[in-house]
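A.B. asks: As a plain string of letters, each chain reads:
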Amino acid sequence: MNFTLLDGSIVGAYLLVTMIAGVMVRKYVGKVEDFLVAGREMDVYLGIASLAATEFGIVTCMYTAQNGFTKGFAGAIPGVLTFLAMFLVGYTGFCVKPLRDSGVMTIPELFEKKYGPRVRWASGVVIVLGGLLNMGVFLRTGGEFLVNVSGMNPNYLELMMTALLVGVAVYTILGGMLSVLVTDFLQFIVMSAGLIVVTFLILDKVGLNTLVNTVQTNYGEGGFNPLKNASMGWSYVIFNALLNTAAVLTWQTQIARVLAAKDTATGRKVYTGTSFFFVARFLIPGIWGIAALAVMGWVPLQVLTDAENAQLSPVVREKIASSHAPSALTIAPTEEAYAKLPNDKQKYTLTPTEADAIPPKIREKLDKVSLNAMPLFLSTFVPIGLMGLLIAAMLAADMSTDSSYMLTWGSVIYNDIMAPFRKGKWSEKKGLFWNRTIIAIIGVFLLIYGLWYKLEGDLWTYLGITGSIYLSSMSILLIACCYWQRANSWGAAAAIFFGALVPALTLILQKVGPYTEWFKTNDTVCGVATYVIVALAMVVGSLLKPQTKA
Amino acid sequence: MIDGIINMLQNHWFWGFLTIACLAWYSTITIYVSIKGAGDIRDMLRRLARSKRIQS
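So the sequence lines, in the order shown, correspond to chains V and P.
Under the numbering used here, residue 555 is the last one in the first sequence; the count climbs by one each step, no gaps.
Under the numbering used here, residue 54 is the last one in the second sequence; the count climbs by one each step, no gaps.
The reader is advised that the hints may include incorrect statements.
[Said to hold, decoys possible] With a Cα cut of at most 20 Å, we get these calculated EDC-like pairs of lysine to aspartate or glutamate:
1) Lys274(V) to Asp41(P)
2) Lys366(V) to Glu433(V)
3) Lys350(V) to Glu522(V)
4) Lys34(P) to Asp268(V)
5) Lys32(V) to Asp1(P)
6) Lys36(V) to Asp41(P)
7) Lys210(V) to Asp1(P)
8) Lys430(V) to Glu117(V)
9) Lys267(V) to Asp41(P)
10) Lys352(V) to Glu341(V)
Calculated directly from the structure, the hints in this document are not laboratory data.
None of the values given here were measured: they were computed from a predicted structure.
Using the sequences plus the hints, can you model the full thing?
C.D. replies: Written out as C-alpha cells, the structure reads:
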C-alpha cells in the first residue's frame, strides 16, 4: 500500500479547505429560495462544474470500473447514452424549458398545476423513497473503496464514513445549495485533477494496446460491441437508454441545476455543456477497471486472506481458480444439472453442496471480486504522493454527491411532502429551520441504512432498478404534463402505482419464488417492461377519466 | 501511448475516438470551466449580497 504521511497531508488539506469554503457561504442564505436553489443565481460554468461533480461519486467510480472490468469498453455504453440524452434535452429544451419557465422549485410542484395536490404529494413520496433507497448504497461502497485503496483496517470503515458524512452534513445544513455549489466547484477541480493524472499514468505504464488486448482476450468482440456481449444485448441498451433519458429529465440532483439556473437558457446550456462529461464518467473509470484486469489478471482467490483460503476445500479452491472473468462463483442449480455439464464446464462450476459449504463472508468477498478489483489494483499501482491526490479526488467526488443528494431530496420532502402540513405562509426562518432539520434526518437515515445494507449482484443494475422506482413514473408524468393536454390525475396515479410496483416486484422475485434465476438474469427486460407499463398506465388511466366540459 | 491510440483508432475507432475525446475534455475543458466557474461564484455571491442588503 502506498498511502503515507504525505498523502494524508494532501487529503487533510483538501478536507480543511472544502469545509471552510462550505461553511463560509452560509452568511448569504437569507431565504428558503437561497437555501434550496441558491436564489436562482447560478450561472453556466458553475452549473457545469457542480453537475459534473455531483454526478460522479465513489460509487459511480466503483460501478463504472466494475463495468469496465466485467464488460470491457462496451461497459461504457450507458455513459454514451446519457451524453446523447442530456445533449438533446439541453439543445431542444424538451421538458426542461417548460419546467424552468414555470418557476417551480421541484418537479412535483409543477405536477400540482396539472394533476392536483394529491399527485404532487404522491410524487414527492415516490421521489424521496426511490432516491434515498438508491443513495443507500453510497456510504458502504465508498468506504470499501477507501479501505481497499489506502490499506486501512476495514474495522474503521463505519467510523471513517460517519466522520465524512457528518462533515458534509455540517456545511450542507448551514449553507444549503450555496455551500453545495461552492464546494462542488472545489471538488470538481480536485476530482478532475486526480482522474486525469491517474488515467495518464495507467495509459503510460500499462499501455492502451495492453488494455485493448485484455478486453479482446477476455470478452472478444463483446468487449467492444454491447450487442455482441453475452451479459448485455439489446435489452441492456434499450433499458439504459430509457433509464438515462428519464434521469436527465427527472433525477432530482440533475434537474436541481436547471431549477437553480438564473434563467431557462442558462439551465439548457448547463445540460449541453455537461453532457460529454457523462461519457468520461463511464469511460475513464472503465479504463481503470480494464487496467485492473490487465495487470492483476483474473485471480479471484487473491481477494481472500490466507486464513480464508484455508477454509475452502481443495476442490472448491481449484474450481474458483479455474473460473473466468467476471464471475468467481458459477453454481449449478441442482446436482443433476451439474452431472449433465460437459467436463470443461465442470472444472469451474460448483455443485450446490460445494457452494453451500463456502462461509457467507468468503462468498460475499468472492461475489465482489469485480467490484473491488479496481481499488485493489490502484492501491499498489499509484505511487506515493499521487495516492493522496487520488484519495482526495475520490473524497471530493463522494462529498459533492452526498451533499447534493441530501439537499435535493430534502427539498422535495420540504416543498412537496410537507406541503399539506404547511397551512398558512411559514416565515423564512421557520422554513430554513425545517429544511436544515430534514437534511440532518436524511443524514441519520443514511448512516443507518447506508452502512448496514448488504448489496448483492451487479451494482449498476441494482441502482438502475431502484432508480426505476421513480424515474419511470416521474419521467412519464413530466412528459405528459408538458406535452399531452389530455393527461390527468387518473393517468398520473396509475403511472405512479405501476412505476413503484413493477421494480419492487422485480426485486422481490429476484429473492423469492420459483423464477429467481430468470428475474436475476433478465433484470434489464423487467426494466424496459416497467417503462412500457407505466406509459400505458398513464394513457389508459387518463382516457378512462371522464372529461369535464369547459 | 501514441502507438496504442493509433492502433485503437484503426481497430476500434469508436472507442478510440471517445478515449481521446475524454482525455482532451478533461485536460482542456476542465481548466476552462474552473477559471470561468470561479468568476461565476464571485458574481453569484455579489448578487446575493446585494439582494440581501436591499431586503434588509
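A.B. asks: The structure should be examined with respect to each hint, and the outcome stated for every one.
C.D. replies: How the hints compare with the structure:
With a CA separation close to 18 Å, the supplied pair Lys274(V) and Asp41(P) stays within the 20 Å bound. For the hint pairing Lys366(V) with Glu433(V), the CA-to-CA distance comes to about 50 Å; that exceeds 20 Å, so the pair is violated. Distance hint between Lys350(V) and Glu522(V) is fulfilled; the C-alpha atoms sit about 19 Å from each other, no more than 20 Å. As the CA atoms of Lys34(P) and Asp268(V) are separated by approximately 18 Å, the hinted pair is consistent with the 20 Å bound.
For a cut-off of 20 Å, the pair hint linking Lys32(V) to Asp1(P) is broken: about 54 Å separates their Cα positions. Only pairs whose Cα atoms come within 20 Å are accepted, and Lys36(V) paired with Asp41(P) is accepted, the gap being roughly 19 Å. Between the alpha carbons of Lys210(V) and Asp1(P) the distance comes to roughly 13 Å, so the proposed pair stays at or under 20 Å and holds. Restraint check for Lys430(V) and Glu117(V): the C-alpha separation of about 18 Å stays at or below 20 Å, so the hint holds.
For the suggested pair Lys267(V) and Asp41(P), the alpha carbons sit about 12 Å apart, so the restraint of at most 20 Å is met. Restraint check for Lys352(V) and Glu341(V): the C-alpha separation of about 16 Å stays at or below 20 Å, so the hint holds.
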